[in-house]
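**Q** Sequence:
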Amino acid sequence: ALVALAFAAACALLRSGHASHWAGTGSGGLPPALCGHGASTTARRRTPAVAPPAVMPTRTTRAATNTATSTELQSEREQAEDVLPPAPVLYTWPVLFSRLRRQAMKPGHLVQRKWLQKGKEQGYVSVPFTSAVKSLLPDSSVNICLIGRREKSDAVAKEWQKEIDDLPLFDVSAEVEAPGDLDPLEPPWETPLDERLPSDDEIRAMARAPGLVEHMQDIYNRDPEELAYRASKYREAAEAVIFRTIVEALPMDLRTEDYRALVRRTILEVIKLLWGMHLASDAVRLRWRLACTEGDTDGEGEESPVGLRAYFLLAGEGLDFVPSQYVDQDRIAATGLLSTEQIRRMSSEDWAKGVVSAGANISETLKRVPPGWTTYLKGDDWPGMRGKGAVFRLPKGKRLFVQVDFVQGPPKAAVSEEVEAASAGSEAGESEEAGKEVPKTLLWLGPLAGFAAGLFQLARNSPPYVFGQQRRREVDEVLRALQRVPETSPDAEMSISKFEQRLWMDFGDADEAPVVLVVGGQSETGRVISRKLVTSGYHVVLLKPGTPGTGPERVERMLPQGAVLASASVAQVMDQVQSKYIPDDLYDAVAGIDKLVICQCDEEGGQAERLRVDTVMNVLACWQMYRNEFAEMQRSYTTKVRLFNFARETDFELWDVERQRPSDLCYGQQRCGWTRNSYGKAHFIGQFFEPLGQAQLKSPKLKLNFKRFSGLLVRVYNQAVDNRYSWFLRTSDFEETRLQYEFDFDCEASSWHTVRMPFNAFKPVRADGVPLPEDELENLPLRREDVVQMGVAVRTEGQARPYGMGDALNYFSLALDSIKVFRTQAEPQVIYLGRQEDQGTKSSADEAGEAEEEEAEEELFFSDDSDLDEDLSRLRKAEAEAAAEIEELVAAQPLPEADDEDDTTMEFFERRPRSPMRAVIDSGLAYTIIKVTGLNDHPGGRYPVSVCQASVRVPPLSESYDALGSISRGDAAELVVSALTEPMCVNAEITAGETSRSGAAHAGESHTGSDLLTPTFEISSTMQEDVKAYLKQLTPNK
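Mapped onto the UniProt record's numbering, the consecutive letters of the sequence shown carry residue numbers 1 to 1038.
Hints may be right or wrong, so weigh each one.
[Stated by the list, open to error] Calculated cross-link-like contacts (lysine-lysine; reagent style PhoX-like; alpha-carbon spacing at most 25 Å):
id: 1; residue 1: Lys398; residue 2: Lys233
id: 2; residue 1: Lys158; residue 2: Lys396
id: 3; residue 1: Lys353; residue 2: Lys388
id: 4; residue 1: Lys353; residue 2: Lys367
id: 5; residue 1: Lys681; residue 2: Lys701
id: 6; residue 1: Lys707; residue 2: Lys388
id: 7; residue 1: Lys152; residue 2: Lys162
id: 8; residue 1: Lys701; residue 2: Lys763
id: 9; residue 1: Lys233; residue 2: Lys162
id: 10; residue 1: Lys398; residue 2: Lys152
id: 11; residue 1: Lys398; residue 2: Lys353
id: 12; residue 1: Lys398; residue 2: Lys367
id: 13; residue 1: Lys707; residue 2: Lys640
id: 14; residue 1: Lys640; residue 2: Lys681
id: 15; residue 1: Lys158; residue 2: Lys388
id: 16; residue 1: Lys703; residue 2: Lys763
id: 17; residue 1: Lys367; residue 2: Lys396
id: 18; residue 1: Lys681; residue 2: Lys763
id: 19; residue 1: Lys162; residue 2: Lys388
id: 20; residue 1: Lys763; residue 2: Lys707
id: 21; residue 1: Lys353; residue 2: Lys396
id: 22; residue 1: Lys640; residue 2: Lys152
id: 23; residue 1: Lys763; residue 2: Lys152
id: 24; residue 1: Lys388; residue 2: Lys367
id: 25; residue 1: Lys353; residue 2: Lys162
id: 26; residue 1: Lys158; residue 2: Lys367
[What the hints assert, rightly or not] Distance windows between CB atoms, simulated:
id: 27; residue 1: Arg102; residue 2: Ser663; range: 30 to 40 Å
id: 28; residue 1: Asp746; residue 2: Arg102; range: 36 to 46 Å
id: 29; residue 1: Ala1029; residue 2: Ser140; range: 38 to 48 Å
id: 30; residue 1: Pro691; residue 2: Glu778; range: 46 to 56 Å
id: 31; residue 1: Asp201; residue 2: Arg642; range: 51 to 61 Å
id: 32; residue 1: Arg368; residue 2: Asp201; range: 40 to 50 Å
id: 33; residue 1: Ala261; residue 2: Ser199; range: 14 to 24 Å
id: 34; residue 1: Val555; residue 2: Glu748; range: 40 to 50 Å
id: 35; residue 1: Trp189; residue 2: Glu349; range: 22 to 32 Å
id: 36; residue 1: Ala249; residue 2: Asp201; range: 21 to 31 Å
id: 37; residue 1: Val555; residue 2: Glu603; range: 23 to 33 Å
Calculated directly from the structure, the hints in this document are not laboratory data.
Just so it is clear, CB atoms sit at the ideal spot from N, CA and C, and this is done for glycine as well.
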């Protein structure tokens, strides 16, 4: 009966003419229905798949028995989507900006560290993101902020630039309430603009159509309860206020179908600029303006007539301004005597000469903002800006622009408490300095002060211990002299404390230090790493588990050396973080973070439980979402770029199976195809009928330049049986050389896999799968800038594995979800410190045996001689202070127990990575993996530490090293902190441990399992040696 059913399904399939791509050779080929998933009679409706008659995993079998029901439900949903009316428009930007509005730019944030300091030097600030403006407004030394071209906004500006000469003049303006009017429910995108616009009640009635709320939830990432409320007929709030005002006031020439899409996109730009002003200033009322004018009748003066104004230039002439350091207030007053018409007729150069200081170079002082850029201008009415308002003008000429003015919401509210406190502290400091007297007990230190000041200046650029042994002795002498000061006053004690702590900082100024989030800081090793980060000058946020509503989610304080130490309490969640589900507490915790440190190396059952895989996954996912949203979803700032999304029909149709057979590309009796299964997933499936064969799925011919990328991230689902696949890349000379570059990966049955494929790990292989001799591999590197095609190959490799009935052998079924490419990073983004056993290469019993042997032999091998006692005593003082702060902020709370409930959901649900270490690899972020075999309580820096790097030519987590002993927590912390800013550590995988007597790996040796292993190096002491200089010997996997 099963055979008859399969034969009937196959006949129906062959008659259907479905768009799936099938190919086969020989007379023994099976119909597609027996290859795992049948094709359907139409492109939209899927028929039930006939499962192969073989023993399959239990969860797959359960899923197969319910296939018919699932298919019917899916078909009904697809048919419903086909008849759904056009959906009203909601934007995702309000949700994005609402999340960003909660964030405060703390010291060490990228804005403070990179853009603000440079802006103070040049008289204006230029940033790439709207979110960065919020931290710049309170600074009275900056009165102009420019936002560079953003991808989607710039596309709109370029389209208007083509039309600027023929555009009719118009001027539309109104006031709106924020944020209420900034999240509109607008008519469907297809709504004609030259006809009567639907009323608010009609728009809500459209949203109440059957199935439309669910559809809007999918496309707009909104909560279903919110959508139901917005669509309710009882809601009385006005909708689409900005949309109606603009459309009704536009000239009829711009309301035609030719301009409809461009006008709708321009309305979105108005809303985004309003949100940007609301985000930056917390305004509750704003005035907006969309105009195409000759010159500007409003704001023509040299100084901004309002407290805060923003311009987004869409097309035409730009905006002129003069940086604050070149402005002459007396000349501005004189220019103010001229009439508006006289100023309008002046050339830009003549206008600039009238407002700048005498003798200034006009070519340097006159700046022009081009179309596509956004400009924020602070006027004299803004707090702290009296007499320092922005000096600008819109010169004569035609332009199309958006303007937003701050109207209400006391301007003082836009000035943060931190800025006021800093200002008050600065004034108090100046008065205190004026009356301060040198304590008599310190007079004898006068001759030493000059030397100490010079040494401190050197320490601002790099840590003292990198200067070598001689300069370290000089630092020791200075510190010993300072520590012998008798009965110093409290002020002097504080000064000495700050001096000592800054000597050990890696950064000359606190604003230069990155912000680091520590995950796993409750463990013993996590606390050691946190102390080391704090004493090195980093701003540290400790992530700890918490319960909502039981206390403050974030506590922070400023340390004496200027660094910020904070703790963020985050509730443990089981659900996976995604665009539709982002916990607020976790989002707020990762906001403003530059780098992550994940500590997962302490034994289970200690003071803190081991990290859960889903915890690490959610932190990594939420951090990447924050980075994307802070960058306003600009493609050029994302960590990963998606090349193919096989949920899109266009991407699916571009790929096809290899049809040149028999050839070196496809050989052996087989039946394979490229189709969609009953769940809509794109599938490469088939079977072989002889022991030797190869099948390929390939992309179209492309021209891909991967020079600035490090590798591919491919998400696949392997069904039914374990299989090995080879991902290949081809360059432009493939037809001549018949060589392609391959990356092999194994897939377990019935599970999802995220496969990270570094370009360095692709090896040249003949097209038929025959490997090249080892001595030829180095001479044939992959040319990343010359990739023209990619795909996946499956080979039998001469191993016959019977599957199903008859002469069918090797069965394969690989679903492709997406293909992404991840960017090359200058520095590691994530430092992971974990145990080697996390990658499944070592049993706990073996580790325990080696630990006992090591403890028995170490005293015979290591010398007890040490001259580090004084160094340790000096560092312990600073570390003790940091430890006290950390203990107070972070209480040791155990993480919840893992949920051991068996997942019996359907086969296409996500499966978590096996370990947090694998989750870091799968994230696509630039990482440094530091693996240890164990931890001990030796003092940091007392014993030599050996470091082995895994080859960059092999897949991640495929090598292990068992010859190293355990490592002290202090040495592990030193490696972590040193790797944070070291470019050579990008995507490096290292194993570190104290050099043991038995089986020690000395410098120059290679691991027995790899001929391409980077040589091991040994650090004699992490206290006395420059660890970062040693790490420069590593090979980055870029």
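**Q** Each hint needs a verdict: does it hold in this structure or not?
**A** Now the hints, each set against the structure:
A distance of roughly 44 Å separates the Cα atoms of Lys398 and Lys233; the hinted pair therefore is violated under the 25 Å criterion. A C-alpha spacing of about 21 Å is found between Lys158 and Lys396, which places the hinted pair at or below 25 Å, so the restraint holds. For the hint linking Lys353 to Lys388, the alpha-carbon distance of about 18 Å falls within 25 Å, and the restraint holds. Between Lys353 and Lys367 the CA atoms are separated by roughly 13 Å; this keeps the pair inside 25 Å, and the hint holds.
Restraint check for Lys681 and Lys701: satisfied, since their Cα atoms lie roughly 23 Å apart, inside the 25 Å limit. For the proposed pair Lys707 and Lys388, the alpha carbon gap of about 46 Å is over 25 Å, so the pair is violated. Taking the CA atoms of Lys152 and Lys162, the gap is about 16 Å. The hint holds against a cut of 25 Å. Between Lys701 and Lys763, the direct Cα distance comes to roughly 21 Å. Compliance with the 25 Å bound is thereby established for this hinted pair.
Distance restraint check for Lys233 and Lys162: the Cα-Cα separation of roughly 42 Å exceeds the 25 Å cut-off, and the hinted pair is therefore not satisfied. At most 25 Å may separate the alpha-carbon atoms for a hinted pair to count; Lys398 and Lys152 meet this at roughly 23 Å. Between the alpha carbons of Lys398 and Lys353 the distance comes to roughly 23 Å, so the proposed pair stays at or under 25 Å and holds. Simply put, Lys398 and Lys367 have alpha-carbon atoms about 19 Å apart, close enough for the 25 Å limit, and the pair holds.
Proximity of Lys707 to Lys640 is assessed by CA-CA distance (about 14 Å); at most 25 Å being required, the pair is judged to hold. Of the supplied pair hints, the one linking Lys640 and Lys681 holds, its CA atoms being roughly 22 Å apart against a limit of 25 Å. For the hint linking Lys158 to Lys388, the alpha-carbon distance of about 34 Å lies beyond 25 Å, and the restraint is violated. With a CA separation close to 20 Å, the supplied pair Lys703 and Lys763 stays within the 25 Å bound.
Restraint check for Lys367 and Lys396: the C-alpha separation of about 16 Å stays at or below 25 Å, so the hint holds. Distance check on the hinted pair: Lys681 and Lys763 sit about 29 Å apart at the alpha-carbon level, beyond 25 Å; violated. Distance hint between Lys162 and Lys388 is unfulfilled; the C-alpha atoms sit about 37 Å from each other, more than 25 Å. Between the alpha carbons of Lys763 and Lys707 the distance comes to roughly 17 Å, so the proposed pair stays at or under 25 Å and holds.
Straight-line distance between C-alpha atoms of Lys353 and Lys396 comes to about 17 Å, which keeps the hinted pair within the 25 Å bound. Note on Lys640 and Lys152: the hinted pairing holds, with a Cα-Cα distance of about 18 Å set against a maximum of 25 Å. With a C-alpha separation of about 38 Å, the suggested pairing of Lys763 with Lys152 is violated against the 25 Å cut-off. Taking the CA atoms of Lys388 and Lys367, the gap is about 17 Å. The hint holds against a cut of 25 Å.
A C-alpha spacing of about 33 Å is found between Lys353 and Lys162, which places the hinted pair above 25 Å, so the restraint is violated. A distance of roughly 21 Å separates the Cα atoms of Lys158 and Lys367; the hinted pair therefore holds under the 25 Å criterion. Judged by the Cβ atoms, the range 30 to 40 Å given for Arg102 and Ser663 is violated: they are separated by roughly 59 Å. The supplied range of 36 to 46 Å is met by Asp746 and Arg102, whose beta-carbon atoms lie about 44 Å from each other.
The hint said 38 to 48 Å for the Cβ distance between Ala1029 and Ser140, and at roughly 42 Å that hint holds. Under the hint 46 to 56 Å, the C-beta atoms of Pro691 and Glu778, about 33 Å apart, miss the expected range. Hint check: Asp201 to Arg642, Cβ distance near 40 Å, so the stated range 51 to 61 Å is violated. The given range of 40 to 50 Å is respected by Arg368 and Asp201, whose C-beta atoms sit roughly 47 Å from each other.
Between Ala261 and Ser199 the C-beta distance comes to about 23 Å, which sits within the given range of 14 to 24 Å. About 43 Å separates the C-beta atoms of Val555 and Glu748, a value consistent with the hinted range of 40 to 50 Å. A beta carbon spacing of about 45 Å between Trp189 and Glu349 contradicts the range 22 to 32 Å that was offered as a hint. As the Cβ distance of Ala249 to Asp201 is approximately 22 Å, the hint placing it in 21 to 31 Å holds.
In this structure the supplied range 23 to 33 Å holds for Val555 paired with Glu603, their Cβ-Cβ distance being about 29 Å.
Checked against the numbered hints listed earlier, the structure breaks hints 1, 6, 9, 15, 18, 19, 23, 25, 27, 30, 31 and 35; every other hint is satisfied.
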